[in-house]
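Novice: Sequence:
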Amino acid sequence: MIHSIDYQTRLSPGGHWSLRLKRGTVLRLTDLDGGANVGMLFYNPENLLERYNAPDTLKCQHTFRITKGHCLYSDMGRIFASVVDDSMGWHDSVCGNSHAQQVASRWGKRDYQNARNEWHQNGTDAFLVELAKYGLGRADLASNLNWFSKVATDAVGNMRLVPGASPAGSQVTLRFEMDTLVLLHACPHPLNPADSYPARAVGIELGLALPVAADDPCLNLCDENRRGFANNALYYLGADHHYPQPVPAALANLQPDQE
Numbered sequence: 001m002i003h004s005i006d007y008q009t010r011l012s013p014g015g016h017w018s019l020r021l022k023r024g025t026v027l028r029l030t031d032l033d034g035g036a037n038v039g040m041l042f043y044n045p046e047n048l049l050e051r052y053n054a055p056d057t058l059k060c061q062h063t064f065r066i067t068k069g070h071c072l073y074s075d076m077g078r079i080f081a082s083v084v085d086d087s088m089g090w091h092d093s094v095c096g097n098s099h100a101q102q103v104a105s106r107w108g109k110r111d112y113q114n115a116r117n118e119w120h121q122n123g124t125d126a127f128l129v130e131l132a133k134y135g136l137g138r139a140d141l142a143s144n145l146n147w148f149s150k151v152a153t154d155a156v157g158n159m160r161l162v163p164g165a166s167p168a169g170s171q172v173t174l175r176f177e178m179d180t181l182v183l184l185h186a187c188p189h190p191l192n193p194a195d196s197y198p199a200r201a202v203g204i205e206l207g208l209a210l211p212v213a214a215d216d217p218c219l220n221l222c223d224e225n226r227r228g229f230a231n232n233a234l235y236y237l238g239a240d241h242h243y244p245q246p247v248p249a250a251l252a253n254l255q256p257d258q259e
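Letter 242 of the sequence shown, counting from 1, is numbered 242 in UniProt numbering, and no numbers are missing.
There may be inaccurate statements among the hints.
[Unchecked claim] If you anchor each label on the Cβ, the simulated ranges turn out as follows: (1) Lys59 <-> Asp33: 32 to 40 Å; (2) Val94 <-> Leu32: 21 to 29 Å; (3) Asp6 <-> Pro163: 18 to 26 Å; (4) Asn220 <-> Val129: 33 to 41 Å.
Honestly, the hints are just simulated from the structure, not real lab data. Positions of the beta carbon are idealized from the N, C-alpha and C atoms, including for glycine.
Make a model of the complete structure from these sequences and hints.
Specialist: See below:
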C-alpha cells in the first residue's frame, strides 16, 4: 500500500495543523503514548464548498465505525481518502468536537499566553484557526473524524468513550484518492472523562502510495466504493494533470453517481 515515507513530524498535545495532500500520497498517524485523539476534516482545495461528509461515509458502507477498508467520502459522492491500514480497528465519526466551554468546565481554562504548551486547547477552536487560513469559518465546520477514539453505546443509545482502546503505537494509514486539504488537531475527544487534560502527542508520516490495484480492499468493499472511485476518475478526466494510475478494470462497467 505504501511506496515510500518521505516526511515525518510530530503533532504536539492540543496542537493543530493543515496541509494540502496530493492524490496518490499517504498519511500515517501514530498514537505515540496511547489514548490520543486526532480530529480531522477534509476539503477540496479546488472547491472549498466540497468537504467531508460523515453521514454518506457511514451509510454507504453500512457501518458506525471507521477502520481498514473504508473510504472517506465528500458531499459530492467522491472519495477523499481510503483507510489502507489500521492496527486499532475502530475510529469515531459521529461524536464531533470538544469546545471551549466544555474543556474549561472539565479541566479548567488555560490559554497559550499564560500556560504556553500546558494550555487547554479545544477541537472547535483548533479547527477554526486552521479554517481561517483558507478564508473559511464556523459555517464551514462539518462533522469530523476522531482517530484513535472508540465509542460504545448502551442499551438505550447513550455513548461513552472506551478507555484504553488505543494503546501506544497504534497506527492508521490513509491513501488519498483526491487532492485534499487536510485539517487536523490533537485535542481531546468530547466524551473523554479523564480527571486531567489528556495531553497526547501524535506522530505523522507522509509519503507515496502504491497504485490502486484491481483487488484493492477499499475499492472492493462494496458497490458504493467502486462508484466512488469511478466518480473520482470522471472528476480528473480532462484535468491538466493525468490520473496517476490506470483506472482498475473493476470500474469499467460502473456508472458514476449522477446526484
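Novice: Return holds or violated for the Cβ distance of Asp6 and Pro163 against the range 18 to 26 Å.
Specialist: violated, 35 Å
Novice: Is the distance from the Cβ of Asn220 to the Cβ of Val129 consistent with 33 to 41 Å?
Specialist: holds, 39 Å
Novice: Hint says 21 to 29 Å; check whether the CB-CB distance for Val94 and Leu32 agrees.
Specialist: holds, 25 Å
Novice: Is it true that the C-beta distance of Lys59 to Asp33 lies inside 32 to 40 Å, as the hint says?
Specialist: holds, 34 Å
In this structure, only the earlier hint numbered 3 is contradicted, and the remaining ones agree with it.
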